[in-house]
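Going line by line, the protein sequences match chains A and B. Our numbering numbers the first residue of the first sequence as 6 and each following residue consecutively. Our numbering numbers the first residue of the second sequence as 6 and each following residue consecutively.
Hints listed in this document are in silico derivations from the structure and should not be mistaken for laboratory results. Hints may contain errors.
One copy or any two copies: either way a pair holds, since identical chains are not told apart in the list.
[As the list claims (entries may be wrong)] Simulated crosslink set (DSS-like; lysine-lysine; CA at most 30 Å straight-line):
(1) K222 <-> K184
(2) K136 <-> K262
(3) K184 <-> K69
(4) K403 <-> K334
(5) K287 <-> K67
(6) K184 <-> K30
(7) K69 <-> K136
(8) K89 <-> K290
(9) K262 <-> K67
(10) K400 <-> K336
(11) K336 <-> K403
(12) K163 <-> K334
(13) K136 <-> K10
(14) K222 <-> K334
(15) K395 <-> K262
(16) K30 <-> K400
(17) K287 <-> K336
(18) K222 <-> K30
(19) K136 <-> K395
2 protein chains.
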Amino acid sequence: MEFLKAISSEEALGVIDSFAADPVKETVSINDVLHRILAEDAVSHEDIPPFPRSLVDGFALKVKDIQGAKETSPVFLYIQGEIKIGEAASVELEDGKCIYLTTGAMIPEGADGVVMQEFVRTAGDAVEVTKTLHRGENICFQGEDITKGKIVLQRGRKVTAFDVGLFSVIGMPDVPVYKRPVAGIISTGDEIVSVEEAPPFGKIRDINGHTIANILKDNGASCIFFGIGKDTVDSIAGKLELTRECDLVIISGGSSKGQRDYIADAIVRLGGEILFHGINIKPGKPTIFGRLWGRPVFGLPGHPNSCAMVTMRFVLPLLRRLKGEEGYKEKRVPGILSTNIPSTSGVEEYVKVAVREVDGSPYVTPIFSKSPVISSFVDASGYIIVPEGKDGYEKDEKVEVCLFE
Amino acid sequence: MEFLKAISSEEALGVIDSFAADPVKETVSINDVLHRILAEDAVSHEDIPPFPRSLVDGFALKVKDIQGAKETSPVFLYIQGEIKIGEAASVELEDGKCIYLTTGAMIPEGADGVVMQEFVRTAGDAVEVTKTLHRGENICFQGEDITKGKIVLQRGRKVTAFDVGLFSVIGMPDVPVYKRPVAGIISTGDEIVSVEEAPPFGKIRDINGHTIANILKDNGASCIFFGIGKDTVDSIAGKLELTRECDLVIISGGSSKGQRDYIADAIVRLGGEILFHGINIKPGKPTIFGRLWGRPVFGLPGHPNSCAMVTMRFVLPLLRRLKGEEGYKEKRVPGILSTNIPSTSGVEEYVKVAVREVDGSPYVTPIFSKSPVISSFVDASGYIIVPEGKDGYEKDEKVEVCLFE
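Sequences are here, hints too, so could you generate the full structure?
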């Protein structure tokens, strides 16, 4: 009966997207910043490099001094000295002279090119240059990599390994990031026992608590597991009471109608409100989304398959906002269907698929499974979405696969 | 001169692949197992589900009892009782009767189908069933998800969030994994200062130490940074002495010829051997690979761009073996070049690219940059490989992009 109120996936995402998210800043060491979300634009307060540098081992010179130089008629230049790497160039290059330096060393005042050692013959305190240069050749100019004042990385970015190198080069040993959202996770069901227990006949071990926690952890949340609630409003409300410090709460359970109602009822009893109950998707229809003490609460289906799909499609977009991530792009790859996929019109359907390369083309094969079957995720590369208005796809049709990352 | 000995990228990978790797096992809690490498096949010692379960809310029955049932001529069955979820079914279903149960509850002995509540009218202690079933309908059979004795996840697999759910369902609270390899990282160069320091004029801050450590961390290593060595054999050898507990050592530095020799000389002075010095690649030619105290040592180019590329192409394959990972597949996506890419024949070249969707097609644009320029990684989605025997690619040619992950 509650399905009468089921809304489209688009509407559901709209409700989720309009839930206010207000990520909080903290500062972490550059050594701990990988994969965190940048809370402020990273700006360089210096030119990088901070001085012109040689790109090669050779001699800094004035390009006008070696006009016409070639193998058969080299140009002589006196060696004025040497600039060691890491040293400030303290002299100004004089006309008709050159200064020896190695890759990375500072270009002296007056020089506008560096000739590689390979194109030079040394003769006592002079060199013969056997080739011309264009102005600026083999020099990396001051600010050529990064200009002073430039935003090198934007707020909301998920920090990559390369980014950490950039924080270093611009001198940011401490980096402002958003705090990790804390997700409270509750499993429910009279049939569920924890992984440590030997399940009595009739019961099974918890899957959803582990799967949800690890999907969220993989996406930047800190997770607290509050254990397994029973199928009563009291038990679930009791567990919910423990989650007051969390930024997000996810309860899974309720394969049957009665069970689902306990979750919604517990949220309401504690003063929360249900924002939707039911989405026109398969699997995952009986999904609940609500607000409790100002924070978002999801009630996810008990079927492990449905629970994992809804976590990825509906919980992660909210998590990304809670953690301040911007510009996220789902990883999708094109593929060709190796078989028909029937689907029910009026429902957005998620079909797990395997992608295999056949003659250089990515072939996509659906992995059909009954709802509770979790092992099918092992062989799946991702899933395809059959939109609400479509009754499926045909063999050889081009599809896009959303990759499990 | 050392470039005379440069080998092809294929030969270099061959040398690296023949370096013995002997990952060590340890056991971690299921709560810490995400992204770790499984050290033994995970086998289920039970059927999953361990008993037949109902996929719906409804009545378990004998299919033969409802032959011919339809809306206009329903079949009457007496209600023998109810099996609650999580309970062992203690009764055997009698002929002509049915038992109420909810989704996930155990199917009683004797029943071979479950009719959904929607297709049943209840009348006191009996029901009218208004539709037929095929045998097994709405039942998830014992062992249908996982058969007892089945290998559910193979040794060498990198554990995903879904896998953690599987460990739980088969009852593995502790999981055998391989220890994280410990990588010792050393930066070198008289021009290099740490991120905490204000660089004096002529010096720049370390990039490579941070980039290498974070690329390796991202790929499952523990990293120890041993600081910045000077451009002397003594200084580098002194740093190397500190890395005896590491499984892998990576020294970066040496943009100039002299600097490179210090790294090789330091390895040799401590009793190590150089396995190759120079690869026919661009960027990254002056790469060193050796053995010291039985463990692998890389000498990576000082140019940050080259250093990062060589870390990804040559260090990561070794790291994967050191951590026991099997079946790794590089993420590659197809694309169409938006411009020509010239390249030097005789050298395998790595060109960073941006991938942008234009009219539904992935257009690939090279990001050309001078070697020391690190900021170009920010805009790149990945890189393409121009093989040694090819002088480049042409506009509109199809290429494969290796994605930065």
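>> Name the hints, by number, that the structure is in violation of.
In response: Going through the list in order, the structure violates hints 3, 16 and respects the others.
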